[in-house]
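Sequence order for the protein chains is C and V.
The first sequence: position 73 = 73 (our numbering), numbered continuously.
The second sequence: position 148 = 148 (our numbering), numbered continuously.
Hint data in this document are derived by calculation from the structure and do not stem from the laboratory.
All C-beta atoms, glycine included, are put in the ideal place defined by N, C-alpha and C.
Take these hints with a grain of salt, some might be off.
Chain V side only, calculated, beta carbon under 8 Å to chain C, not exhaustive [claimed, not checked]:
no., residue
1, ASN44
2, LYS45
3, SER49
4, GLU52
5, THR73
6, ILE74
7, LYS75
8, SER89
9, SER91
10, GLU95
11, ASN118
12, VAL121
13, TYR122
Computed Cβ-Cβ distance ranges for the label pairs, DEER-style [unchecked claim]:
no., chain 1, residue 1, chain 2, residue 2, range
14, C, GLN99, V, LYS62, 22 to 32 Å
15, V, THR142, C, GLN99, 28 to 38 Å
16, C, GLN99, V, ASN83, 24 to 34 Å
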Amino acid sequence: MKKIMVVDDEPDIRASVKTILEKKGYKVVTAISGDDCLKQLKKEKPDLILMDIMMPGTPTREVVKKIKDIKISFLSVVRTSEAEKEELMKQSNIVDFIQKPFDIDELIKRVNKILKD
Amino acid sequence: MDIIKELDQNHTCLGLVPSIEYNNIIVNMAWQLSKKSVCYVTLNKTYDSLKELFEKKGVNMKNMVFIDAISKTIKKIDDNEDNCYYVSSPSALTEISLAISKFLKHDFDYLIFDSLTNLTVYEKNAPVAKFLSSLINKINETKTRAIFYTINMGEQSELIKEVSMFVDNTLNLENTG
Numbered sequence: 001m002k003k004i005m006v007v008d009d010e011p012d013i014r015a016s017v018k019t020i021l022e023k024k025g026y027k028v029v030t031a032i033s034g035d036d037c038l039k040q041l042k043k044e045k046p047d048l049i050l051m052d053i054m055m056p057g058t059p060t061r062e063v064v065k066k067i068k069d070i071k072i073s074f075l076s077v078v079r080t081s082e083a084e085k086e087e088l089m090k091q092s093n094i095v096d097f098i099q100k101p102f103d104i105d106e107l108i109k110r111v112n113k114i115l116k117d
Numbered sequence: 001m002d003i004i005k006e007l008d009q010n011h012t013c014l015g016l017v018p019s020i021e022y023n024n025i026i027v028n029m030a031w032q033l034s035k036k037s038v039c040y041v042t043l044n045k046t047y048d049s050l051k052e053l054f055e056k057k058g059v060n061m062k063n064m065v066f067i068d069a070i071s072k073t074i075k076k077i078d079d080n081e082d083n084c085y086y087v088s089s090p091s092a093l094t095e096i097s098l099a100i101s102k103f104l105k106h107d108f109d110y111l112i113f114d115s116l117t118n119l120t121v122y123e124k125n126a127p128v129a130k131f132l133s134s135l136i137n138k139i140n141e142t143k144t145r146a147i148f149y150t151i152n153m154g155e156q157s158e159l160i161k162e163v164s165m166f167v168d169n170t171l172n173l174e175n176t177g
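With the rest of the complex left out, here is chain C (with noise of 0.2 Å):
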């Protein structure tokens, strides 16, 4: 079974997005921050990490460039332009952009196509 951290500070989105999640037969763990994240990455290893941009403690810019092999998707309100998308997804292990609010059947859409491939 595939498993995904959802890393998020606002507790109705970890666990709407958990619940969609577990639903479609995806395994979820949650993290209330990227500084929460890297703490769990210790014992956890997920398949997939939904993160938002916007939480507090560290930046994610910096919380991304400590996390090594493991695919991440954005999800986030946070609207960056098409360039700016392209450019983050340039780095090696962001696959992926949500923006929120997002269309759950887009959600599963996406995270179903990041861990196919």
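Chain V: place on chain C using the hints.
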């Protein structure tokens, strides 16, 4: 909503924006205000994405300068651009305050703060309210008129209740096209 008229009558306004219509409304407001000089403080859209959005929607950016507090959280920025000043993060309240103070000296007609909701990701309501009270006092000493956006979370929202006390008027911003 005729935002120019509202800001003629009120020095500072809190704009309650329904989340579903957020982008349409902020574009509409920027379009109206861009006929005069505007300092736009962004905490949730990078300067590049705002530029992309405004260009697409025909908002004139010739009279606009930006304070961008989000780009540095996701990418490396080497230098400020001619019409954009970068702040390290939406949590850097002192840095944001200093940047706005610097820009207020240039007597912009309008200041748009987008948005208070994003400040509360990093700080509790009390420090945010203190920051705003100080900022609004500074704005009141200038000729610049300011609108602070926040997602409309209902009148029960503590932040909305607190900020409503500092500003001259609270507006329900609905998209009027």
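Here is what the structure says about each hint:
{"no.": "1", "hint": "ASN44", "result": "holds (6 Å)"}
{"no.": "2", "hint": "LYS45", "result": "holds (4 Å)"}
{"no.": "3", "hint": "SER49", "result": "holds (4 Å)"}
{"no.": "4", "hint": "GLU52", "result": "holds (5 Å)"}
{"no.": "5", "hint": "THR73", "result": "holds (5 Å)"}
{"no.": "6", "hint": "ILE74", "result": "holds (6 Å)"}
{"no.": "7", "hint": "LYS75", "result": "holds (7 Å)"}
{"no.": "8", "hint": "SER89", "result": "holds (6 Å)"}
{"no.": "9", "hint": "SER91", "result": "holds (7 Å)"}
{"no.": "10", "hint": "GLU95", "result": "violated (14 Å)"}
{"no.": "11", "hint": "ASN118", "result": "holds (7 Å)"}
{"no.": "12", "hint": "VAL121", "result": "holds (5 Å)"}
{"no.": "13", "hint": "TYR122", "result": "holds (5 Å)"}
{"no.": "14", "hint": "C/GLN99 <-> V/LYS62: 22 to 32 Å", "result": "holds (28 Å)"}
{"no.": "15", "hint": "V/THR142 <-> C/GLN99: 28 to 38 Å", "result": "holds (36 Å)"}
{"no.": "16", "hint": "C/GLN99 <-> V/ASN83: 24 to 34 Å", "result": "holds (25 Å)"}
When each numbered hint is compared with the structure, a violation occurs for hint 10 only.
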